[in-house]
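Visitor: Protein chains in written order, with my numbering: chain A, 264 to 429; chain B, 964 to 1280; chain C, 7 to 431.
Don't read these hints as lab results, they were simulated from the structure.
Warning: the hint list may mix true and false statements.
[Stated by the list, open to error] Cut-off 30 Å, straight-line C-alpha distance, at most; resulting in silico cross-link-like pairs (DSSO-like, lysine-lysine): (1) A/Lys339 <-> B/Lys1173; (2) B/Lys1121 <-> A/Lys339; (3) A/Lys425 <-> B/Lys972; (4) A/Lys287 <-> A/Lys377; (5) A/Lys277 <-> A/Lys418; (6) A/Lys332 <-> B/Lys1173; (7) B/Lys1173 <-> C/Lys195; (8) A/Lys336 <-> B/Lys1173; (9) C/Lys210 <-> B/Lys1173; (10) B/Lys1128 <-> A/Lys347.
[Claimed, not checked] Footprint (simulated), chain B over chain C, 3 or more residues, beta carbon under 8 Å: (11) 54 to 62; (12) 319 to 328.
Backbone N, C-alpha and C define an ideal beta-carbon position, used for all residues, glycine too.
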Amino acid sequence: MTLPNAEKLVEILKNKINEIIDDKTVLIGVQRGGELILQRILPGLKDTVATGSIDTSFYRDDFSSRGLKVKNKPSKIDTEINDKHIILIDDVFSTGRTVRAAMNEIFDYGRPAKITLAVLIDRNEQELPIAPQIYIEKISLSKNQHLELGLDENKKFIFQLKDSHV
Amino acid sequence: MFNPQLNSKGNLNHLLSIEGLSKEKIIQILDTAESFLKIGERDVKKVPILRGKTVCNVFFENSTRTRTTFEIAAKRLSADVINLNVATSSQSKGETILDTINNLIAMNADVFVVRHSSSGAAHFIATHVKPNIHIINAGDGNHSHPTQGLLDAFTIRKYKTNFNKLKVAIVGDILHSRVARSNIHALNILGVPEIRVIAPKTLLPYEIEKLGVHVFHDIDKGLKDADVIMMLRIQNERMDGVMLPSQEEYFKTYGLNQTRLDLAKKDAIVMHPGPMNRGVEIDSAVADSDQSVILPQVTFGIAVRMAVMAILAGQHS
Amino acid sequence: MSILIKNGRVIDPKNNIDADLDILIADRKIAELNKNLDPKKATQIIDASKKIVMPGIIDLQLNLREPGNQYKSTLESEMKAANAGGITGMVCPPDTTPILDEPGLVKMLKNKSEALKLGNVYPLGALTQKLNGKLLTEINDLYESGCIGFSQAEKPIQDTEVLYRSFQYLSTFNLKAFLRAEDAYLSEKGIINAGEISTRLGLKGIQSISETTAINKILEIADLTKTKVHLNKISTAEGLNLIKIAKKNGINVTCDVSIHQIFLTDNDIGFFNTNCFLKPPLRKEFDRVKIIESIIDGTIDAICSDHSPVNEDNKLKPFAESEYGASSAELLMPLIFKLSDENKIDLSLLINKITYQPSNILEINKGNLSINSGADICIFDPEHPWEINSKTLISEGKNTPFLNQNLTGKVSSTIFNGNIVFNGH
């Protein structure tokens, strides 16, 4: 199958986020894809906004079966998040479990007024009552295919599709 | 040689000693600890990763300080923690170590943090428990104290970044020190090119140079150009005996004071596993100086122990 | 009853025999030794083709754990284990429970073992009361009750005056001391050989000088007091050098080495394998090589099993808290054969060190196949493959550093005093 043009989707996402940000917004990228998107769109936003990044390793619900796998940088939310509007950015939304873990972690930093989830692609595999408020495309894939945002040799965003081992 | 802390896939199932760990494994633990260190800086210093797991601190030898750091580490991972001072309970009633441990396993504990005065106790327990039980050695006799070795490596990395250009001096009672042994192994594995041990001959174990260290009896020579100085605690019972004549003489010949510290590099750091004997192995002014990283070691120790527990508890055989 | 052992390779070092011969046993004695003896002469025939027929082994160090708190090992179980190793002469040290320091205890042991008819037990009496290293036992009385010599087992005398006086006393009555050379101060709380391994494992080390200073002291006092001394279980190269010189200088000393020291070093301890916790401790490769040299050049007179069965629970402990010792009676001859095979050492020379030489050290006329001597015989099958494990070992002690290893060669039959006491396969 042909994968969507990632650069294009990121551009659209940036515009959508631009429409809703204000001085109470905190943008948080979910590592690693969401963090990549955040860093790319940050210079093109209309206001300077507070940011953070999150690695959900310590909040995952599959620890008992998969163990601890820390590959990313530690979570970093140095800004005050109480009563703020958090826009949580990720590349691909599938089951909702990563978002649940990310939200749990966010609540250990404070009590935001609102959380909006913004992603490039919704895989239509929702397992929890969690869904993205902003997505650019919906794609259906088979369960054992893993879709991930990456960078090519020219630092351009591309989607990579791999058969997952799990 | 058969290494009982690794499972059939080569993953860490127990942490018994630094010896036999690969550089990659140590780096993985240090990197994970880095993530946990951030958690300690938050308002909510807790993550849910070990929710529902039970960590059992079994101390056959008393040590409030070490036990507390493991307890905090386990609690920050949301584990349930049981503290057992066996030194004062069932052992005196004649129960064997294995009976004690098996009783706790029957209560469904998952991770055991074990301290024992006998070298090899943690290895012994680890080779006789079911595969899904994880043993962390919190000090066995004069043999090993692996989490101390790891937290010291973590501390050095924090201040010195690169292991492969360092001169590290370890000063004091090497003979009775499991901390020194763990550090020697860790620093060698991490590629430190020059490890020095500084002590009178009475406090050096046989053939210590075969563990990959340079031996110095003169502290002034040994400290020259050192990047890291690790002081060891001198047990009071070693004083006034055949190993050392007196505290005063020890402080005079091997105690770390500012004059001696000035022989090391300007940016040298001073470490100590605690508890310190001020005025015996280390001068108060040095212990409290800008070069001392003794308190950060304690903070890092919690993150390192969180990392070890989380890695082990997520391991399945 | 008469037994004919046919077609075996007979090795009798005393009589310089290594040939294919038949042996006829009659009236509990070696009656005839020749080629092609007539089968009609015997009521029972043992086919020993491809097997080695040798004198019954005399083991200079075999802990029978009798008297003792008989948790598992009993006199009978361990004598049977010895028989399964071809052993018919058993020297047992006095560190039993209670300690062998009273004539009554020695008589009881002698009576009990004689009733079993499984071998000759030669008790070593305690040299000092309760092995305390302070007060002498009733040495003459113990000798009359059946003690073949006097020993401190694993409790060396610390006080040099006591050592000196005890030697004077033994010498007065021409009795022999069987001692393990160790300086109790230097080895105090020591667990394994002092060196890289002890440093790595954080176990207290025992240095070679702990053995050599003791050897020097013992030999000097033995020379001065004209006391007969046998040194048990020498473990260091330096110690062997001292003994070699002493022998050259005419001092009346003999020594033995334990079978473990010939094959193992402290490196075999690995990560705290308690089966390798032995006394004296396993030493270095350098010592092991010297031990083999000294067996060949005669500095070492005898090889013992140092059989010490330990209850499983006492090995299931952290290293330093576990009990030392290994079960080895059944391994002695197979390992002697392996030593000969691997190092190309004359088998007769080695068999001499577990048969006739020990009998000389004990000053008994045993350990040979001379006509009219008592029929104590070991028949060894050098081709029999087996695995050392808790099922194959007869001893109640299943603890050995060789556990789960394969060996080629096993004792197939043992004859004591003309009776077949062990028949293996």
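Visitor: Which numbered hints turn out to be false for this structure?
Guide: 1, 6, 8, 10, 11
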